[in-house]
Each structure stands twice: as C-alpha cells, then as structure tokens.
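For reference, the chains in residue letters:
4 protein chains.
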Amino acid sequence: MVGGGQGAYIGNIHRLAARLDGAWHLVAGAFDVDPDKGRAFALSQGIDPARSYGSYEEMIAGEKDRSDRVDAVAICTPNFTHYPIAKALIEAGFDVICEKPLTATLEDAIALEALARESGRFVGVTYTYSGYPMVHEARVRIAAGEIGKIRTVQVEYPLEWMAAPIEQQGNAQAAWRTDPKKNGRGGSIGDIGTHAYHLAGFVTGLKLASLTADLATFVEGRALDDNAHVMMRYEGGARGLLWSSQVALGNSNGVRLRVFGETGSFQWYQEQPNELVYAPLDGRVQTIKRGSDEVSEDARLRSRTPPGHPEGYLEAFANLYAGFAEAIRARRDGRAPGALGQNLPLTYDGLKGVAFVEAVVDSAEAKEPVWLTPVAV
Amino acid sequence: MVGGGQGAYIGNIHRLAARLDGAWHLVAGAFDVDPDKGRAFALSQGIDPARSYGSYEEMIAGEKDRSDRVDAVAICTPNFTHYPIAKALIEAGFDVICEKPLTATLEDAIALEALARESGRFVGVTYTYSGYPMVHEARVRIAAGEIGKIRTVQVEYPLEWMAAPIEQQGNAQAAWRTDPKKNGRGGSIGDIGTHAYHLAGFVTGLKLASLTADLATFVEGRALDDNAHVMMRYEGGARGLLWSSQVALGNSNGVRLRVFGETGSFQWYQEQPNELVYAPLDGRVQTIKRGSDEVSEDARLRSRTPPGHPEGYLEAFANLYAGFAEAIRARRDGRAPGALGQNLPLTYDGLKGVAFVEAVVDSAEAKEPVWLTPVAV
Amino acid sequence: MVGGGQGAYIGNIHRLAARLDGAWHLVAGAFDVDPDKGRAFALSQGIDPARSYGSYEEMIAGEKDRSDRVDAVAICTPNFTHYPIAKALIEAGFDVICEKPLTATLEDAIALEALARESGRFVGVTYTYSGYPMVHEARVRIAAGEIGKIRTVQVEYPLEWMAAPIEQQGNAQAAWRTDPKKNGRGGSIGDIGTHAYHLAGFVTGLKLASLTADLATFVEGRALDDNAHVMMRYEGGARGLLWSSQVALGNSNGVRLRVFGETGSFQWYQEQPNELVYAPLDGRVQTIKRGSDEVSEDARLRSRTPPGHPEGYLEAFANLYAGFAEAIRARRDGRAPGALGQNLPLTYDGLKGVAFVEAVVDSAEAKEPVWLTPVAV
Amino acid sequence: MVGGGQGAYIGNIHRLAARLDGAWHLVAGAFDVDPDKGRAFALSQGIDPARSYGSYEEMIAGEKDRSDRVDAVAICTPNFTHYPIAKALIEAGFDVICEKPLTATLEDAIALEALARESGRFVGVTYTYSGYPMVHEARVRIAAGEIGKIRTVQVEYPLEWMAAPIEQQGNAQAAWRTDPKKNGRGGSIGDIGTHAYHLAGFVTGLKLASLTADLATFVEGRALDDNAHVMMRYEGGARGLLWSSQVALGNSNGVRLRVFGETGSFQWYQEQPNELVYAPLDGRVQTIKRGSDEVSEDARLRSRTPPGHPEGYLEAFANLYAGFAEAIRARRDGRAPGALGQNLPLTYDGLKGVAFVEAVVDSAEAKEPVWLTPVAV
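Protein chains in written order, with the working numbering: chain A, 50 to 426; chain B, 50 to 426; chain C, 50 to 426; chain D, 50 to 426.
Hints are not guaranteed to be accurate.
Restraint-style ranges between C-beta atoms, simulated for each label pair [to be verified]:
no. : chain 1 : residue 1 : chain 2 : residue 2 : range
1   : A       : Ala388    : B       : Thr312    : 45 to 51 Å
2   : D       : Arg378    : A       : Glu167    : 47 to 53 Å
3   : D       : Asp228    : C       : Lys230    : 54 to 60 Å
4   : A       : Thr312    : C       : Gln391    : 36 to 42 Å
5   : C       : Arg380    : B       : His74     : 24 to 30 Å
6   : C       : Glu107    : B       : Glu346    : 34 to 40 Å
7   : C       : Arg349    : B       : Gln217    : 24 to 30 Å
8   : B       : Glu346    : A       : Val82     : 54 to 60 Å
9   : B       : Glu156    : C       : Arg380    : 55 to 61 Å
10  : B       : Gly197    : A       : Arg349    : 45 to 51 Å
11  : B       : Gln55     : C       : Trp225    : 43 to 49 Å
12  : C       : Arg349    : B       : Gly95     : 20 to 26 Å
13  : D       : Asn61     : A       : Asp342    : 14 to 20 Å
14  : B       : Thr312    : C       : Glu107    : 56 to 62 Å
Pairs of lysine-lysine, BS3-like flavour, derived with a Cα cap of 25 Å [as the list claims (entries may be wrong)]:
no. : chain 1 : residue 1 : chain 2 : residue 2
15  : A       : Lys136    : A       : Lys113
16  : D       : Lys231    : D       : Lys86
17  : A       : Lys416    : B       : Lys256
18  : B       : Lys416    : A       : Lys256
19  : D       : Lys256    : C       : Lys416
Hint data in this document are derived by calculation from the structure and do not stem from the laboratory.
Heads up, the beta-carbon is just placed ideally off N, CA and C, and yes, glycines get one too.
The following block holds chain A by itself, in its conformation from the complex:
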C-alpha cells in the first residue's frame, strides 16, 4: 500500500476490505509522505519493518526482487500522485489497485490507461458502489431485459460534510480536495460525481453521447465546484440527470440511482443497500432483498449473510478486493476469471471517469452552453 497511513480515512477502508475475506494480506507499505510517520504506522499494523518503506520508490526497489514480493499495490494517495506512482509500479511489473479518480488530469488518465493496456498489468479502480451486490442485481436484470429499453436515468450523490468552509479550518481531507493542483479540475463532480457517473453506466450498460453541465461553488473562497448539475444524453436515446453536491445538508452519503425502462424500473439507495426496489409496468412495487432466493448468482456471490442481516460499505469494498484477487489469480493461472473477477472497474473505467469530469468542467466553463462528448465513453 502507498499512502493510507495514520488518520487517512480511505486507507483504513482498503485494509478492512482487503482483510475481510482473507484473500489479501498486507505485508508491505509506504504509508506516509513523512517516512518516520509511515514507519510508525507500519509498526502499528504489525508489518515487518524490513518491508516498511519511506517512499513508493523505496518500496519498488525493496520489493522488486523479493521472491515473496507483493502481489499488488494499493494506491491511497491524493489524486495528483496516482499517475506517477501507478506508472512506476506498472513499469516495475506490479499489479495495481488505485483509488478513484484514476488521475487528476485527462492526459495522465489517457497515458495510464494506455500503459496498463500495453503492459498487461492489472489495474483495478475502486469505484466502491459497483461492489454492492444489489447493484450487480440491477445490472444483471437490466442486461437480461427485465425493464426493457432504458428511457431515463436519475443518479445523484449528495454529501453534506463540506457545507461549511472546513478546508479553511484545518480539515486536511477537505483541503486537498479543494485544491485544483492536487485534486484536478472537478470539485464535487471529480470527487463524487465520478462515482455517480460510473454507477449509472455500470448498471445500465449505456454509453454517454453528450452532456451539458452547470457547476456552482457555494462556499465562499472555495476554489472548485461544490455542486454540479449535469444533463446527459446516452447513445440510443436514453437521457440522464446527475447531481453531485458536497453541501447538501442532511445527506451523509446519499448515493441514489433510479433507472426507468419501457417495462419497469429499479431504484437503489446506498444508505439502504440491501434492498433493490423493482416496479414493473403492472403497478406493483416490489422489494428485492439481498441474500434472498430470487437474486442472481452474481449478487449471491457478493453476499456473505442471509437476508435481514445487513451488509454495507465495507462488504461492498471487500467485493472489489475479492474480485481483484480473483482476476489477478486467474490471469496468472491462464484461465478466465470466475464471476467475482468479472464486471470490475478497471483502467478504462477510470479513464472514462476522468474524461467525464473534464467534459463537465469544459461544458460549464464554456461562454455559451454546449453539449460535449467526453473523449472516452
């Protein structure tokens, strides 16, 4: 692991998720830009001091030639460092698990996607919400035609934690996220809108044709958008509406997806992730429960407990880690991955996310409103 040391929220999530199913062991890391802090943290995690490194470069040098070298490296650093770290790791022959967004700039994303493709290295991107079993359930059913041709997609990701100018009050997590150099050009749209965009595409299988967007910065002094409205047109005629916000009081982590087709709809809300609401044309409204007999194999594989025993965010994240393990293992074994190792967010998904954010910002910054097509869809 690179980054994710003391006090890093997402690093801890990665560790919990990797550990849950027993498929991964954390054995080495460069956890902090401050080498001493990184080493102290590694010690607290029970990591062999010989494999606790002061920087990712040191880690590459130290691990490269070990017979028991790490199978993959998780990158849990601020956005702008994703590219150089991933590049170095790939070039040294490591597989990579990278936090989203893939990179802070479109050029980096294009380059990294090409590098991953050409090198044959595995690069997974942690679009967490695609790890939820009931998200897979919706995906499988839509692919099977259960709601017919899709008409409109409503997706939103409202958060409340940045409603006040906390980046000006010492909150480090907020500070780098509002710094264009470290975060990239998209504020809420880059940090969370990209999750919503991926989720919508993942579940529906739709490709974006064009978008037009309106960004706003409501907190005074903030350098990036904290609220984004995006109208989308998908190939084939479906339309979409996307809202991301970091100032939406009352929303802890309100990811919500609603997909409406010709013959039915699905609704999924991340804060009650064990349920998928299905409404067919005949007027019934049905709740499909995770773990029940009626869910698909793809959802069942990503589920550990029976219905009524709630699973949540860590289990979804663990599904990604279990899937990455299966995908990497299958490739090494020269076989096709099992279902867990399929339908994973990979480099091209990461590139699409960055391209989406760029197009949103371009559209919003245009003198006249404009429908734009991202460079990768």
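Position chains B, C and D relative to chain A; hints supplied.
What follows is chains B, C and D alone, placed relative to chain A:
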C-alpha cells in the same frame, strides 16, 4: 363549475375539496360539452335543473342577473379552453377558480393575467401542492431564515401512468394531454413540470433567472415530451434541477422537493405529506409532524386533525378552496384577508407557469443549447 | 348531533366526514351540556336556530314529529352518556351513529345491543380504522384465503399525548378519559385498545377465545391504566398480541396491524394508510397501493383519488358515514345494501369491544393470572 | 474453533467477524463431527494440518502444551454440545467464545456459569445484537437518564424462514433447532427470543421480575414452539412485551427494540442498524446516525466508517470479537479493559438467557397461567 362532469377526474376533486370545509356550495354548472350529458350529471349532483346549463355561455347568461348568482366559477376543462372561458366569466363580473396550467399558450396567459389585474376579479389557480400544510411550514421557515441563504433546489414530479401509449388506446385523459392544440406545447413539462416549478418557487421565494432544458419523447408516436430535464439558475445565485416525467414506472404521484441552504435543508415528499424533514448544520435529522406543537400558525390553519391522523391530497385541495373563499370574502368586505386567504396561487403564478413551460420548450428546441429567461418570473 | 360542540375534537371530525361525500347534512343538534354554548356553536355552523336544542331530550322532542326530521343522530359525548342518549333516541325511533366505545359499562352495552337488535333501529359505531380502504383490502384478501390459515396477529395502538399528567393540568379531553365514572374501567385499553381489538377482528374475521392481560398505570395519580399488554387466543388456534399505550413517546397515532398466515402476511400502518404490505411465502415483499388496478372492488369503492394522491383519516371516517347512509337508505328502501353499506361496525361490534375491555380489566385485576373469555366475541 | 465447518452458517460468520479487525487469527480447529470433513475444511481455510483436529478432545490434547497455543476457542456447535465442550476447554485452561444459547438445559447453564466464575476463564457469549454501535448508543443514553425512568419495553424478533416444515424436508439447520434434545426446550423462544430478551436487558439495564407466556407451534409435526408471546414485569415497575416467531412471513431478521421512558423513547431496528430514532417529550422525532458527531464514545469505538456508509451484521459481530480480544488481553496484562472490552455478553448473561427460556416454557406449560421469575435475572 364549467367542465368536470361524468368521468372527469379533476372535476370530482374540485367538488370534494370545495365541500369538505363547508365554505362552498355547488349550485350551478355547465358540466359537459355535450349539454345532455352535462344536465344528467348536474341532476346526479342534486343541482337545481334551472341552474344546469348546456354551455358556459348559457351559464353566464343564466347566472349573470340572478340575485343569488354564483360567487365564483371553477374551470375544469382542457387547457386550451381556459382562456376563452375565463375571459368571458371575468368580463361578466364573475370570480374564477382555474385549473392549471392557466392557459395553453403564452399569449393567452399574458392576456388573461392582464385582464384579471385590470378587472379586479379574483382568479385563483389550483396549484394543488401549495395547499399542503407542511409545504407552508417549509415556506414559513425558509422565509424566517431557518436554513439561511438557499443554495440548491431539487424538485421532481415523476408519474408512471403514461409509460405505455395509452392515448392511442382510448384513454381520453391522456389523449388531450398529448395533443398540442388542446394541451399547449409542453407535455410532461406543461402538465406536471409546471406544478414542480410552482412548488419550488412557492416554498423558496426564489425568482428564476434562466434555464436550459432537455426534453424527450419516449413513447413512440407521442406528439409531446413525456420526460423533461431542466437546469435552473435563480436570481441571487441559487441553482435548481427539475425533473418531470410521465413514464417513470413505480411513481404514482412522486412530487418531491428538497431545498438546501447554508445552514439547513428541508425535504418534503407528497406521498407522505404529513412530514417535513429538517436537517440543520449540526448533523441531526428531524421529522416535523403536521399538527404538532412546533408547526407554524400558517400550517396549523391548514390542518384539521392532530399529528398521526393523516391528511392528504383532498385536504390540500380544500385548503386552496378555503383560501379562495376567504380571499373573495375579504375583498367583498373591504378588509385584508386572514392567513388562509394569503399565499394563494393567483393569475400571475399561472402566467409564470406558462412562461416557464414556453422557455423550457424554446430552450429544448433551440439548435444550440441556450440559457433562457421566461418572460415572467 | 349530540355533543361535539366548541372545542370538541371528535365532533368536528364527524362533521367533516359526514360532509365530504355530500351524503349527510347537519341540520340539528344539541352540541353542549351548556345550552347557551350549544346554541352559539349551532349558529356558527349555520344551523337553523329552531333546530338547535339545549339537550338531547329537547332535540328528541323537537325533531320527533317533524316531517323533515333528522335521518340519524350522531352521539359525540363522553362514554358514560352514550347509553342513555342512544336508548332515548332508539325509543323515539331515530337511527344512531355512536362514538366508540359503545358504552362505559358492560351492562349498558348488553342492554343497548339488545335494544338495537329488537327495535330494528340502525346503530353504527365509529370504529374509524375499519373505514380505511386498505384495511378492507386486507380483509377481502384474507377472506379469500390469500395468506392461508392465520397463525398470529400483532396489533398495537400506541399514543404519546398522555405521557405527562395532563389531566391534572387542565386538559379536559384527558380528564374525562381518566375518570372511571365517565370513561369506564379501561384506560388506554378502553380508549384505544378497543380500536386495535376491533381492527384485528375486522380484518381477520377471527373470534377471540380467551385472553390474559397486564395493565399498568405509569403516570402518577392517574386513576386508570395508561398501558396495556394483552395475550390473545383466537378460536381455531391463532394467537394474538395487543399493546395499547397512552404514554408511548414518539407515537402520534401509531395504529399498526400485522397478520401472519400460513402462506403470506399483511402489514398495515395507519400513519401511511395508502399502502398495504404483502409478503407471500416466496420471499418477495410487495407494496399494494390504494387506488391501483390490483385492489379489490371493496377497497376501490372507499377510495376517491388515484394512487399517489394520499387519502387519510377523514376519508376513512367519511367511508363510515357513507356506509351508514347506504345502510340506512337500503333498509328504508327494503333492499340489500350495496358494498359500501356492508362490513360496517354495528352494535354487536360495539358490545364486543366493551366485553373485551371488561375481560382485560378482570384478567389484570385477578389475584392470580387468568385466561378469560369475553361475554361477547 | 469447534464446529462451524463446511456449510455451517454461523461458523463462517464467526470467521469473518474475527478477521475483520485483524485482532484474531484462526490457527486451529475441529470443524466437523466427521473428522475427514473437518480436515478437508481446515485445509480450505489455510490451516496448518498439524492443528486440524478430528474432535474437540483431540484439539485440547494437541493445543494444550504448545507454546503458541490458541488464545481462545470459539464454540459453534448445536446447543446441547456447548456445555461439555466448554467445560473441557475451561478445565484445560482455555478461554472460550460460545454461541448462544449458552447451553441446552438450565442445569448445564448453572454449572457452566459457576465453572467460568470459579476458574477465572473468560467465556464470552455471542449475543450479536449487543455488538451494534447504535445499540450501545441507546444503552449509554438510557444509563445517562436521557429518557428518564423506563415505563415499557417492546421487543420482538420475527423470522420467516421456518414458516414451512423445512425440518421435515432436509434442512439440517432447522432439524436440530426443532429437536428438543439438541436444542433445548425452547423453540423460537430459545433460538431467537433469547436474543430479544438479552437485547432488551442490555439496553435498558432492567432486571426481570416475572413473566407469563404463551407458546404456540403452528407448523404441523414440529416438536417445539415456533411462536412465543411473553408479558414481562421488570423490577421497579416497568413492563415489557416480547414476541419471537419463526413463522412470520415477510420478516428476514426483524429484530426491533422500542424503549419508552418518562421523558423520551428510543427505537432501533436491526435491518436499518445505522440509525437510532429518538423521540423526546417535546414531540420532535430525531434520527441519530451512527458515525455522526453526536454519538457517544462507546458507539464511536464500535464504528469503522462515517455516517452514510452502512455497517451491518458482520461489523456488529466483529465488535464482539474485538471486545473479547480486548477483555482477554487486559486480563492477561493485569489491567482494566478499555471500553471495547466492557459491556460484553458473558457467562452470566448466557445463564440469564437460559433461565429466561426455562421460565417461559414453564409458564406456558402450566395448567393455569402463572407469573414466574427466572432463576437468574
């Protein structure tokens, strides 16, 4: 009453609402374009045959000079007839209660608004959702600064009943709503988007600065949009997102409003109208119940039962009727209306609604995307 | 109407409910034990002063021989007066609509039931919750065998308004309800437990075989129970659990019924009365919406608006009034009543309710716990 | 670990929970009554074959004298084997983590509790629901007097999975649970009622004074109750109602606790475990979110993610395992355990649970109804 005869959904609603509080008595009407049907229906309602008319012209002629002439006339006909009927009524000196949208065309709306203003006649428009007590509660609290300056408004009105081409299968309600000549240029946006737009403006007090829109027609052969996405910019910097749809399976009548300010948010959902969800900056989420001690006088006045005894759509509609009665009575008495007679949807609100629909359609039909300002806001 | 004057909560509900569907006109009344107050109130309601009476005896005398005498009289007075008033009305040949509980004592209930039966007068009892359309939906489906043989019934009616000793602080509504002489022997069990008991029996069609109960009085100085727990055994083997409480903070009017059968279950919650939750054996959970195509004729008849347009407490109450009107009219016409006039709460239901309360109190007061069978089931 | 091999539901849960926080490593086990199956399973879990045992006796013999012997042993076998296994482990000096109920008989429970107490060995019992952070939140707030003196407790645990006679159709999990010899005398009350009883006592701190119960067996041919109704009286005057059911269609795992005090109430529902609903005397209803700033230290310590990132059943179970680790470590270190190592379900809680079940069955089997006091409360 004009229109609203046998089988007319909204006419029956008007009658129930008018009757509930005992403030109105239905004593005359021209209920159907077919005079015989209209008279048969009048009979079924216990109306004096002498006051059951074959047309609105007959009704005006018959009522005009009676000493006990009707106090006001409710117009419950398809959109395109609102203007001529209202015009005739106003010119004959009657007060009017008109279904939304005010008219089918912008010219008619402008003319009718001017006529109402100049004549001094009362013209109420039945924007139903502004009759709900907890909508007033949100309005009062926002006006009092309880959530600070407003940042973003999310409003939606999804319906499912027109997901199939029912206008091609004999459904009369759907038929005129999809006929541009009878309905006006806006499909879902004109029929229900206008409700959502009014509700958002009513609660927040914000004025629209400009909008850009994307309309879609998903049902083959339908002549008007059945799904609308609108991005809005309000004066003062707030942003809004509006979605209306007639093809959103699973939504019976899913009007939902969420308003986010600097220091709090309110959420109201029409299908559970007795609750208002309030989330202040401190992370708490609170449910405010209709009828409870903490609601304002404005909400209490529009409430008949204690908390836990659900009120609904008819009671909201009845609040409009009770308000119209109070406003008309106050004017006759030469006094200021009581609170029930204030904050009512009137002609200018109707005009704003039609101007909004026109701007949405203009924006969506423009070759290049465009931010437009409605002619009345 | 007898009682229900200025400030009387339930009297106003009766008037709104009677008026909603236009089936009843309030033309006479003795609204208050204080004749002057009663007359002033009658005036405020637009009632002919000649038919505004100082007492129910006066009303009987005044109405008895009018050719346009009232069709029925609603009794909205405290419990202990129900019997003498109803008796006098029946003996004078009037039909009666009586608030629940039917009477304050078991002897009175037995006598009144016999009187009603022998006289042939109509006596409806306003067990409000049996007026809700989705309650009828559950009843119809259970009768049709949709959930198989019933196993267990969970019914509860928690309220919060008497959590503090408000009867000692000037609240008149609470004062008579906690006075055994005016209210009868059952506190929460008599005031609201009787609603829950009726609802469970109404929906399931089950007859009580025996019960054992535990009553508590939590508010110091209160003379009657404010919390009741009852275990029930129904004929045929089904079991039930009933909870009523006047001190359950957080519950405005939390009537909830859950019925579990061999092949399915129904759940209905009064604060969201437009939905019935149905769970068949196969693991699906389905929401059935009032007004939708899948509801029965019995539910449809008691519904005025389409799905998504909430109806509530007043509409349920109005369904009882519309049903009483149909039942009375049918009897006068010498025909069987239509569906609206069937499945109404009548005198025997009222008697069963009083017998239930008596058995609960007897069981709770017994030295040793005891399973008792009410005298009427 | 003893038991919990291939196909064992609860064994897998124990492993996931133990692993999540990295506090435990599974290094040895006797996973199956069939030694070969047990060894194959051990292999699949990556366990050193030298520490994969054919029986718990072998395991004790094999581990007893190792310098790296296991720190504690989890017992995941059917109820009737808990006592002999735990006894042997304790006598051999091992700490124990035991599935609930502690034992199948009251004598065993009394003996085991005494043995644990006298030996000084640690014996944790996995009353899972006491691991949830918001359950601790309620406990802490009630102990702090936030809702005043408790009046009534409503607790229920409905399940649906045994609504059909699945034990007669080859379901092994259902088979031993309906066999009095393997399961003990309580059916639903022993399997899940004991969870509900513990949860209520854990959160409120109340001691049971007496109970009276009604058990039913609805599935033909079933040897134990599958539905239990219990009325409870707590010391100090509070009352309680408990319902457990294995035949409640629509309920996946519907543990629900509601506690009503003089000045407020708390409501917690296991299927939405990240929320605690708080209703104070003033009529507000507030949702308290796991992970938010307003929760107590005790809840925060048992939480890994911010609000809106759902945690669930496995995390609750992991909190027990993390707590057991802390308690065991603290005792070895000769220090008081940190907060995580306090408020854990231990042997006496297990004994109380068994005593409760015995009293329920005794009460239900009595010729005449009877209020009984369990031998341990």
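**C-beta pair C:Arg349, B:Gln217: status relative to the range 24 to 30 Å that was hinted** = 26 Å, holds
**Request:** Using the Cβ atoms, figure out if D:Arg378 sits within 47 to 53 Å of A:Glu167.
**Result:** 50 Å, holds
**Item:** Hint consistency between A:Lys416 and B:Lys256 [alpha-carbon to alpha-carbon, up to 25 Å]
**Value:** Given that 25 Å is the threshold and the Cα spacing comes to 23 Å, the pair holds.
**Request:** Using the beta carbons of B:Thr312 and C:Glu107, state whether their distance is inside 56 to 62 Å or not.
**Result:** The hint (56 to 62 Å, Cβ to Cβ) holds, given that B:Thr312 and C:Glu107 are roughly 59 Å apart.
**Prompt:** Has the hinted range 45 to 51 Å been met by the Cβ atoms of A:Ala388 and B:Thr312?
**Reply:** 47 Å, holds
**Prompt:** For the pair D:Asn61 and A:Asp342, does the Cβ-Cβ distance stay inside 14 to 20 Å?
**Reply:** Holds - the Cβ-Cβ distance for D:Asn61 and A:Asp342, about 19 Å, lies within 14 to 20 Å.
**Message:** Quick check: does the Cβ-Cβ distance between B:Gln55 and C:Trp225 fall within 43 to 49 Å?
**Reply:** 47 Å, holds
**Message:** What's the verdict on A:Lys136 and A:Lys113, does the C-alpha distance respect the 25 Å limit or exceed it?
**Reply:** 14 Å, holds
**Request:** Verify the proposed pairing of B:Lys416 with A:Lys256, using a straight-line Cα cut of 25 Å.
**Result:** Holds, because 23 Å separates the two Cα atoms, which is no more than 25 Å.
**Message:** Assuming the hint says 20 to 26 Å, is it satisfied by the Cβ distance from C:Arg349 to B:Gly95 or not?
**Reply:** 23 Å, holds
**Request:** For the pair we were handed, D:Lys231 and D:Lys86, check the Cα-Cα distance against 25 Å.
**Result:** Distance of about 21 Å is within 25 Å: holds.
**Message:** Within 54 to 60 Å: is that where the Cβ-Cβ distance between B:Glu346 and A:Val82 falls?
**Reply:** Holds: the Cβ-Cβ distance is about 58 Å, inside 54 to 60 Å.
The structure meets every hint from the earlier list without exception.
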